[in-house]
Amino acid sequence: MNTQQSQLTEKESLDLIAKMINKAKESCHDTGIGSIMWGSVIAVCSLVKLSEIQFGYQLPFDIYLLTFIAIIPQIFISIKSRKERKVKMHEDAYNSSIWLSFGICIFLLILILNFIFNDWESVGREYRELTGHPSGFMFSEYISALFLMLYGLPTFVTGYALKFKPMFWGGIICWVCCIVSLFTTIKIDLLLVAFAAISAWLIPGIILEKEYQKAKRELKAANV
Amino acid sequence: MFKDLDPILHSQLRLAVMSILISVKEAEFTFLKEKTNSTAGNLSVQIQKLKEAGYIDVTKQFKDNYPQTICKITKQGIKAFEIYVTSLQSYLGTG
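Residue numbers (numbering that gives the first Met the number 0), protein chains in the order written: chain A, 0 to 223; chain B, 0 to 94.
Some clues are possibly wrong.
Residues from chain A shown here face chain B by an in silico Cβ test under 7 Å; the list is partial [said to hold, decoys possible]: (1) S12; (2) L13; (3) K22.
Everything labelled a hint here was simulated from the structure, so no lab data went into it.
Glycine residues also receive a C-beta, built at the ideal position from the N, C-alpha and C atoms.
Using the sequences plus the hints, can you model the full thing?
Encoded structure:
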């Protein structure tokens with residue numbers, strides 16, 4: 000496009016507008032590294048927890064601490080990605096805020112669950128002392144469902160708003176797994192969480208990263 | 000025939016730049032250069048014209064010791080672009 004004053008017909012003008020709008024929309028690719036990392040971390044945590052229950056061993060630390068450690072690389076990924084971007088879209092602010100809200104909700108859910116567990120322990124102990132057998136209500140059976148419900152929310156919204164089908168379906172898979180986990184044992188719940196994390200974040204993350212790398216290569220080639 | 004069309008927008012490169020900027024929040028100069036397949040010199044001139052017309056805001060800053068130019072469409076630019084598209088549609092009888 001080097002003819003700065005070339006006159007356009009009405010049709011050519013409208014075609015040019017449509018072409019440029021499409022080019023701008025298509026060229027905005029996010030790195031999928033964050034999504035890949037969180038999908039892997041959650042899947043690994045769930046599968047390790049499952050193996051602890053299945054094979055009767057216990058790691059010297061809670062495997063879910065990995066999720067807190069993963070926040071550190073996430074911060075670096077976000078800063079690097081922001082620096083590399085040559086264009087900001089209107090939906091960036093909404094997308095960032097929904098994932099930030101999700102992080103805060105997960106933190107609050109963990110906090111609430113800790114409070115419930117502390118209170119429930121004393122109720123369960125009293126019940127055992129009075130009746131001589133453990134309570135039939137196992138609160139831990141329902142924890143995965145709560146997390147899966149939350150996992151689905153930002154994933155579905157991102158997939159729906161950005162028209163990114165892998166995340167749209169990933170969000171739906173999280174909610175389906177949430178319902179199924181209400182009727183299954185803890186072991187199956189953990190498998191469902193791992194499956195949901197792989198479907199909602201790991202696979203869409205790999206797809207995103209491939210597109211991002213492709214766009215990067217094209218940009219490099221265009222600038223040579 | 001085109002006497003009612005905004006002469007600032009009715010130019011291939013300026014229209015291309017405005018079409019990109021209407022779809023994004025803001026874009027770097029290098030991004031616009033790549034998407035419009037234009038030369039840096041030509042693009043600079045056209046961006047300056049759009050800026051002088053009040054259609055875009057241009058911010059110059061430094062990023063990792065390199066100069067960076069960021070372009071953003073203004074409210075006046077959005078209005079002008081909308082009027083331009085409406086005029087085009089009325090010419091074509093699609094609006």
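* Asked: Which earlier hints can't be squared with this structure?
  -> Checked against the structure, no hint fails, so every one of them is satisfied.
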